[in-house]
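S.K.: Make a model of the complete structure from these sequences and hints.
Protein chains in written order, with full-length UniProt numbering: chain A, 1 to 176; chain B, 1 to 85; chain C, 1 to 335; chain D, 1 to 220.
It should be emphasised that the hints constitute simulated quantities derived from the structure, not laboratory data.
From the three backbone atoms N, C-alpha and C, an ideal C-beta is built for every residue, glycine too.
It is possible that some hints are incorrect.
Within a straight-line C-alpha distance of at most 27 Å, the following computed BS3-like cross-link-like pairs (lysine-lysine) qualify [to be verified]:
hint, chain 1, residue 1, chain 2, residue 2
1, C, K185, D, K41
2, C, K101, C, K332
3, A, K150, D, K22
4, D, K41, C, K275
One-sided excerpt, in silico: chain C residues whose CB lies under 10 Å from chain B [claimed, not checked]:
hint, residue
5, A46
6, L57
7, P68
8, G83
9, A84
10, V92
11, A93
12, W100
13, D316
14, T318
15, C320
Listed next, the stretches of chain C that the computed footprint assigns to chain D, with coverage defined by at least 3 CB atoms under 8 Å from CB atoms of chain D [stated by the list, open to error]:
hint, stretch
16, 194 to 202
17, 246 to 255
18, 276 to 289
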Amino acid sequence: MAAKVIANELFPDSTITLALFRNVENVKEIRQCVMNGTFEAAILKTSMIVDPFQVIVAANKAVHQNKVGKMMTKNVHSEILFNLSPSKNISDSFRKFGAGDTDQSVFIAVIDDKTGQTLQAIQNTVKGQQVDVDEVKQLSDLNNIKKIYKLTDAELSWSPLDALVTRIAAKDIMTI
Amino acid sequence: MTDNNIADLNIPFPSKTEADIAYGTLSVDQEPKRGGVKRSLRVEDCILKVHFEAKEIRTLRVSVNSFMDYLLLVLQTIQKFGPPS
Amino acid sequence: MVIAIGFEGSANKLGIGIIQDGVVLSNPRHTYITPPGEGFLPRDTAKHHREHALDILQAALQEAKITPEQIDVVCYTKGPGMGAPLISTAVVARTVAQLWKKPIVAVNHCIGHIEMGRLITGAVNPTVLYVSGGNTQVISYSEKRYRIFGETIDIAVGNCLDRFARVLKLSNDPSPGYNIEQLAKKGEKFLELPYAVKGMDVSFSGLLSFIEERAPVLIKKGEYTPADLCMSLQETIFAMLVEITERAMAHCCSQEVLIVGGVGCNKHLQDMMRKMAEERDAVLYATDERFCIDNGAMIAQAGLEMFKCGMTSPLDDTFCTQRYRTDEVLVKWRD
Amino acid sequence: MERVLIKQGAEGKLYSSEFYGKPCIVKERFTKSYRHPALDKSLTTQRMKAEARALLRCRMSGIECPALYMVDIESRCIIMERVLNSVTVREYTRTLQEKDDAKNLLSLAKQIGEVLGRLHSNNIIHGDLTTSNMLIKGYGENSRIILIDFGLSYFDSVAEDKGVDLYVLERAFLSTHPNTEALFQVILDTYKDNNKTGAEDVMKKLEEIRMRGRKRTMVG
Numbered sequence: 001m002a003a004k005v006i007a008n009e010l011f012p013d014s015t016i017t018l019a020l021f022r023n024v025e026n027v028k029e030i031r032q033c034v035m036n037g038t039f040e041a042a043i044l045k046t047s048m049i050v051d052p053f054q055v056i057v058a059a060n061k062a063v064h065q066n067k068v069g070k071m072m073t074k075n076v077h078s079e080i081l082f083n084l085s086p087s088k089n090i091s092d093s094f095r096k097f098g099a100g101d102t103d104q105s106v107f108i109a110v111i112d113d114k115t116g117q118t119l120q121a122i123q124n125t126v127k128g129q130q131v132d133v134d135e136v137k138q139l140s141d142l143n144n145i146k147k148i149y150k151l152t153d154a155e156l157s158w159s160p161l162d163a164l165v166t167r168i169a170a171k172d173i174m175t176i
Numbered sequence: 001m002t003d004n005n006i007a008d009l010n011i012p013f014p015s016k017t018e019a020d021i022a023y024g025t026l027s028v029d030q031e032p033k034r035g036g037v038k039r040s041l042r043v044e045d046c047i048l049k050v051h052f053e054a055k056e057i058r059t060l061r062v063s064v065n066s067f068m069d070y071l072l073l074v075l076q077t078i079q080k081f082g083p084p085s
Numbered sequence: 001m002v003i004a005i006g007f008e009g010s011a012n013k014l015g016i017g018i019i020q021d022g023v024v025l026s027n028p029r030h031t032y033i034t035p036p037g038e039g040f041l042p043r044d045t046a047k048h049h050r051e052h053a054l055d056i057l058q059a060a061l062q063e064a065k066i067t068p069e070q071i072d073v074v075c076y077t078k079g080p081g082m083g084a085p086l087i088s089t090a091v092v093a094r095t096v097a098q099l100w101k102k103p104i105v106a107v108n109h110c111i112g113h114i115e116m117g118r119l120i121t122g123a124v125n126p127t128v129l130y131v132s133g134g135n136t137q138v139i140s141y142s143e144k145r146y147r148i149f150g151e152t153i154d155i156a157v158g159n160c161l162d163r164f165a166r167v168l169k170l171s172n173d174p175s176p177g178y179n180i181e182q183l184a185k186k187g188e189k190f191l192e193l194p195y196a197v198k199g200m201d202v203s204f205s206g207l208l209s210f211i212e213e214r215a216p217v218l219i220k221k222g223e224y225t226p227a228d229l230c231m232s233l234q235e236t237i238f239a240m241l242v243e244i245t246e247r248a249m250a251h252c253c254s255q256e257v258l259i260v261g262g263v264g265c266n267k268h269l270q271d272m273m274r275k276m277a278e279e280r281d282a283v284l285y286a287t288d289e290r291f292c293i294d295n296g297a298m299i300a301q302a303g304l305e306m307f308k309c310g311m312t313s314p315l316d317d318t319f320c321t322q323r324y325r326t327d328e329v330l331v332k333w334r335d
Numbered sequence: 001m002e003r004v005l006i007k008q009g010a011e012g013k014l015y016s017s018e019f020y021g022k023p024c025i026v027k028e029r030f031t032k033s034y035r036h037p038a039l040d041k042s043l044t045t046q047r048m049k050a051e052a053r054a055l056l057r058c059r060m061s062g063i064e065c066p067a068l069y070m071v072d073i074e075s076r077c078i079i080m081e082r083v084l085n086s087v088t089v090r091e092y093t094r095t096l097q098e099k100d101d102a103k104n105l106l107s108l109a110k111q112i113g114e115v116l117g118r119l120h121s122n123n124i125i126h127g128d129l130t131t132s133n134m135l136i137k138g139y140g141e142n143s144r145i146i147l148i149d150f151g152l153s154y155f156d157s158v159a160e161d162k163g164v165d166l167y168v169l170e171r172a173f174l175s176t177h178p179n180t181e182a183l184f185q186v187i188l189d190t191y192k193d194n195n196k197t198g199a200e201d202v203m204k205k206l207e208e209i210r211m212r213g214r215k216r217t218m219v220g
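M.R.: Written out as C-alpha cells, the structure is:
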C-alpha cells in the first residue's frame, strides 16, 4: 500500500510524504525512534485529522516557516504538529496532536524523504497495517475536533476541513 | 407698522436701461435664509428702489453694506464696459 | 466659430478666460495671497475679487484682441465654492452679459476643470482625479453624468496640505501646497501616518490631526525635520489618492487617468500616478499650472460645450450655490 | 502548480491555480512602485493580515467566504479557495436587470442585506463593499452569497464605521447599477432585520454620512 508522496507547490525541490497505519501495536516504539533520532517524521494523532489535506496545509506551512526562519519549534516535523494545533502552547500542541502511546493508528508526515529511506524505516518499524491515507476520515473524532478548534455549527454545516485549514493558515496572524 | 427695522434705497441711474441692468444683476442672489433679512427690488423709470426689512439692526446693516459693495461693482462695470449699446 | 468668456472666482483665484473653438485666446488670473500661517476667508476673498475683476476682464479682452461684440456667450461659475467670492464674480458676469446682450451659461466648477483637462490633453474618456483646496473626487463619465466614484469623507486633500503648511508657517505664495512640495524634496526619514482608504473613499482629518499634534514635538526633539514630515505627508496622502483612482480605473476598465485641480500641479503626485498608470498600461494626462489651477478659460470651455447644446440660463436663474455636486449636471454635450 | 493571471485589480494580481489538488486563487500584492517602500511594505503586510483574520472571523460567524490555504508575507501572496461556478453579484445583478427578473432581484437584495446584517452584528467591517466583492453561487432561490476581498477589513463595533461601510456600498451599488434606489432600500431593510441591536444607530450614522456628502462646502 503506497504512501502519498507530494511535490511541494511552492518549493519544487521539497516533498511531503504521507502515510497512514492502522491496528498499530507499537506507537510508543515509533515515537521513541523519533525521540532518539532513528528517523525524523511527524507522528500525528489520527483522531484529530479530518482529511490528508489538513496535514498538507500544516506541512506546507512548516516548510515555508522553515525557509523564512520563522519556525516556533525546533524542526520542520515538530512544526507540522504545532501548525495543526490552534494553541500557541507547544507542549500542549504536541500532546493533543502527536500520536499517543496507546493509540491504535498513526498518521505519518515526512518532509524531503528524497530516497524514501525514512518511509522504509517507518514501514519496517511499525507493527500494523499501512492503508490508504484517505481512510483517516474514518478515524476522525469530530466532537473532540470541534471542541479543541472551537468550530461553530455554521462552519461545520459547510465544511469542517475548510474551517480547519483556514485556522491553520491564519494561526500566526490571529493572535499577535 | 411692523416692528422690523427698515431701510429703503433709491438709486438713480442715467437711463432706465442701466437701472434695469442693475436690477437684473442684483435681484438674482437672495439674502441668506437664516439671515432674517427680507429684501425686494423694483425699478421705477430710471430709479432702482431697494427695500430691506430685518428684525435686528445688525443684520440689516450687514445686508445693506453687502448690497452696496455689489452695487458699486455694477456701477463700475457699467462705467468701464458700458454704456449699453 | 464660437467665442466664450468665462468668469471664475469660487475660491481665492479670480480668473477670466476667453476661448474660441477650443483655442485659449487669453486667461489672465489674480490670486489672493494671505500671510503665512493664515487661510483665506470668504469676506476678504470676495473683496479681492471685486477689486481685481474689471482689470482682469480688461486684460482678457486686450490679450485676446477681441471686442465684446465678438463674444457669443458669457459663462460664470455657479458653484461649488465660497458664497461671497462666487457672487462677486457672478455680478460682473451678469452685468456684462446684459450690457453686451449675450446669453449666460452657469457652469459647475468641477466640470470646468474636467472639460479643460480633456481639451488641453486630448483625453477622450479618462478617469478623473479632481484634487484642490476644497475638493477631492474620483470622477468617471457614464450615462450623461460625471459620476463621483470616490471622494473624501471629510476634508479635501488641498485643505489638508494647506493646514499642515500653516503648522510649519510656510509661505502661501504662490500656494502652501507648492511650498510643501519643494520642502518635501529634501525629506528622507519616513514617518508612518494613518492611511485611511474606505472602498473608493478617503479620509484625511485623522491623518491631519495626527501630524498636527506630533509635528512640533518631533521637530523640536530633532527626530524629524520639517522636510521629512512634508515628504511623509505627501507620500501617504498621494498614495491614498492614487489607490482610489486605480480602484475606480479597475472598476470602470479605464485606460486613461486625468488629474485636475490645483493640487494636480504637484509633480510628485503626477509621478506617482504615472507609475501606477504605466503598470496598468494606461496613460496619465496632466495639465500645467495655467489650467490645473482655477482659471477663467476652464469655465469658458465648459460653458462653450453647454452653449452649443443650448444649455443657457435665464438671468434670474443665474444664482450661485456653495454646494453643487458634480453629478447634478446633465452632460448633454457627451454621447 | 502553474499560475494563470486572471485579473490585475487595484489590490494586486489574481492568479488561478491549484493548491495540492484544490482549485485556488493566488492574490499577489506586488510592490506598488508608486508608493514609498516603507509605506508599501507596511500596507501590504497589514492588508494580508486583515484578509486572513477576516476570512477566519467571517467563517466563524456563519458568513460564507473562501477557505484560506496559505499566507506568505515574504512573497506578498495569499492562497485561498477558488469558488467554482460562481459569478460576481455585479454580473448577476446585470443579468437579472437585463432579463427584468424582479423576483430574483428582490431575493438577491434580501440575501445581500442578510449577509451584511450578520457581518456587522459580528462587528466585522469589510471596508470595500462593492458588488464586485461579492460572489454568488447557484441561481434564484437556492443561491448563496460569498464575500471576498477583505484587504481593507477590520473589527470594530462603532456605528459610524458600519455606516461608512454601507455608504461605500451604496455609492458603489448605485453608480454601478443605475436607478436601483428601491432595490438598495430592500438591502437596508433586510440588513435591519439581521442586525437588530445595532441597526438603528447604523442607519442614523448612514444618514449623517450621506448629508455630510451633500452638505460639504466644496471651496475652490
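S.K.: Next, verify each hint and record whether it holds.
M.R.: Hint-by-hint comparison with the structure:
1. Simply put, K185 (chain C) and K41 (chain D) have alpha-carbon atoms about 21 Å apart, close enough for the 27 Å limit, and the pair holds.
2. For the given pair, K101 (chain C) sits about 25 Å from K332 (chain C) by alpha-carbon distance, which is consistent with the 27 Å threshold.
3. About 24 Å separates the Cα atoms of K150 (chain A) and K22 (chain D), which keeps this hinted pair within 27 Å; it holds.
4. Distance hint between K41 (chain D) and K275 (chain C) is fulfilled; the C-alpha atoms sit about 17 Å from each other, no more than 27 Å.
5. With 10 Å as the threshold, the beta carbon of A46 (chain C) comes within range of chain B, its nearest partner Cβ sitting at about 8 Å, so the hint holds.
6. Of the supplied interface hints, the one on L57 (chain C) holds, with its beta-carbon coming within about 7 Å of a beta-carbon of chain B, less than 10 Å.
7. Interface hint status for P68 (chain C): upheld, as the beta-carbon distance to the closest one in chain B is roughly 7 Å, under 10 Å.
8. Here the hint on G83 (chain C) is kept, as its CB sits about 8 Å from the closest CB of chain B, short of 10 Å.
9. For A84 (chain C), the interface hint holds, the least distance from its beta-carbon to any beta-carbon of chain B being 8 Å, beneath 10 Å.
10. Satisfaction of the interface hint for V92 (chain C) is found here, the shortest Cβ-Cβ separation to chain B being roughly 5 Å, below the 10 Å cut-off.
11. Taking 10 Å as the C-beta contact cut-off toward chain B, the hint placing A93 (chain C) at the interface holds, the least distance being around 9 Å.
12. With 10 Å as the threshold, the beta carbon of W100 (chain C) comes within range of chain B, its nearest partner Cβ sitting at about 7 Å, so the hint holds.
13. Given hint, D316 (chain C) at the interface with chain B, holds; its Cβ is 6 Å from that chain's nearest Cβ, closer than 10 Å.
14. The restraint placing T318 (chain C) at the interface with chain B holds, with a minimum CB-CB distance near 6 Å, inside the 10 Å limit.
15. Because the closest C-beta pair between C320 (chain C) and chain B is about 6 Å apart, less than 10 Å, the hint holds.
16. A stretch counts as covered by a chain when three or more of its residues have a beta carbon under 8 Å from one of that chain; for the stretch 194 to 202 of chain C and chain D the count is 6, and the coverage holds.
17. With 5 residues carrying a beta carbon less than 8 Å from a beta carbon of chain D, the stretch 246 to 255 of chain C meets the three-residue requirement, and the given coverage holds.
18. A stretch counts as covered by a chain when three or more of its residues have a beta carbon under 8 Å from one of that chain; for the stretch 276 to 289 of chain C and chain D the count is 3, and the coverage holds.
Comparing the model with each numbered hint stated earlier shows that all of them hold.
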